[in-house]
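K.L.:
Modelling step: build the complete structure from the supplied sequences, incorporating the hints.
Chain by chain, the residues:
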Amino acid sequence: MSLAGSYNGGNTTGFASPAADSLEGPIDLAEILDLRRANRYPVRVSGEALIERGILPGDILIADAAAPPAHGKVAIVMVHGEVLVAQLAYRGGEWWLRPGRLGDVGQVVPDDAEIWAIVSGLVRTSV
Amino acid sequence: MALYGLIDGNSFYCSCEQAFDPALRDKPVVVLSNNDGCVIARSALAKAVGIKMGDPWHLIRRRPELSEVVAKSSNYSHYGDLSRRVFEILGAHVQRLEPYSIDETFLDLAPVTGDLMEFCQMLRGAVRQIAKIPTCVGVGPSKTIAKAANKLAKSRPELNGVCDLRDEATRVALYQDLGIGEVWGIGGKTAEKLAARGVRTVADFLRLDPRKVRDMMSVVGARVQAELRDVSCLPLSLMAPQRKGIAVTRSFGMPITDWWTMREAVASYATRAGEKLREHGLLASTMTVLLHTNPHNGDPWYSNQHSARIEATNDTTSLIGEAIRMLEPMWRAGFRYSKAGIMLGELIDAGSQPMSLFPTKDPVRSARAMAALDAVNGRFGRDTLRPLATGISRTWTAKAMNLSPRYTTRVGEILVGTAY
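Protein sequences, first through last, are from chains D and R.
Read in order, the letters of the first sequence are residues 1 to 127 in the UniProt record's numbering.
Read in order, the letters of the second sequence are residues 1 to 420 in the UniProt record's numbering.
Just so you know, the hints here were simulated from the structure itself, not pulled from any lab data.
Where hints are given, some of them may not hold.
Pairs of lysine to aspartate or glutamate, EDC-like flavour, derived with a Cα cap of 16 angstroms [to be verified]: (1) D:Lys73 with D:Glu94; (2) R:Lys27 with D:Glu82; (3) D:Lys73 with D:Glu52; (4) R:Lys27 with D:Asp112; (5) R:Lys339 with R:Asp209; (6) R:Lys276 with R:Glu346.
Given the structure is predicted, the values throughout are model-derived calculations rather than measurements.
P.N.:
Given below as structure tokens:
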């Protein structure tokens, strides 16, 4: 007797499965996204300002707290009590947040703000 | 030559809260014990407005000077995950390390080459950047000295988070003023006993003849004395010692007055105890069940507990059955119960279980059912699948009025960022 779900493609009862020595299991997304590492955090996107950049509301961003900030990267920024997902720009020796929507003006990252993590990947569970 | 570091998180629980909620960063924050009872952690600002450890929050919250204070319910899923991250970050730089408590890690610093202070600052920086937790480090030739150094690093901002007590002259000067009760391993009772003999500071303590210390305080005291002198007697424990008992006792969010609710609560504690047993690969062979009313609020006092030997098991359904059987004769209607609990003892390795002549459960089927239960709950979150005996509405669960999200362990609760 076998519990439902315990067949793995190799443990057949009658004919030996030719795949038995080559089983690999399903693809592990946590592995691909490196989610088990201490420096990886998931962050949910709210708002539509970054649609042009391909980031939609509801997306799960994979944020890397060990990665250094860089011009053009998308970052998680803690500023004035808020958690923002914003594009970074480096201008005149200062970090700026560049708005996703054309026509909006950016803002300098103030001294008391924190560039919390750099976005390295994205998961969208419904397309 | 032995060399140890002790790194710990500053106001660890508060820092965990502030790490993920920028609105808390410039506010005084406290974290409350289970059931939102007493203050168990204070941010620096909360300390500054005079809140003490153990203060009952419902009694002090109305004080005008505390109007800005944010009180959070304890969110151990979140703190545990950040603790795991801190340990992993440290493990990337230090070969041997001991997770001493949720917010303290002993480090073997003997192999470190180069500037040790720079190394310690690098560790602090990495933990700060990646796990978002500010820390302090104490360094010394024994764990006891490292622990004392860590305390100093925290209380003296001019040390910039790292205190180095490798140098004997520095220690000797420090020991003149350091109270013996401040030392790791010396409890309040022992400190009183020593004070009665005129031993108040560490310097006094080190002047005592080791043989006399051994007579007075057994080998533990002798070890503390040697460790303070710089003779390392306590090596790193790289593995947690095997547990001697498992206890799940909790205060209820509201007093329980009816049998079925009490039965649910105790069944749920038995369920949690079973999970803990299986996590550690253990079976329990004794069980204690206890319950009592609140001794502090004027309710009529009733307290009872019962212990018995049980067939060695880690099967949740067996544990619930035993617990309810022990609970039934203790139940008295008409009381307002505030707390109940289960304690399991005489734990043995699941592998070394002596064969029972008349097992009441097929051990193979039981192991399979429990493995399936744990697999579902491991994948989809605690209590996704649970015995019906533990109830559906669970009105008795502890109060947690201001619980933050489980930011890194539940996909429905992760940090939300607003697109800019």
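K.L.:
List, from low to high, the hint numbers that the structure doesn't satisfy.
P.N.:
Violated hint: only 5; rest satisfied.
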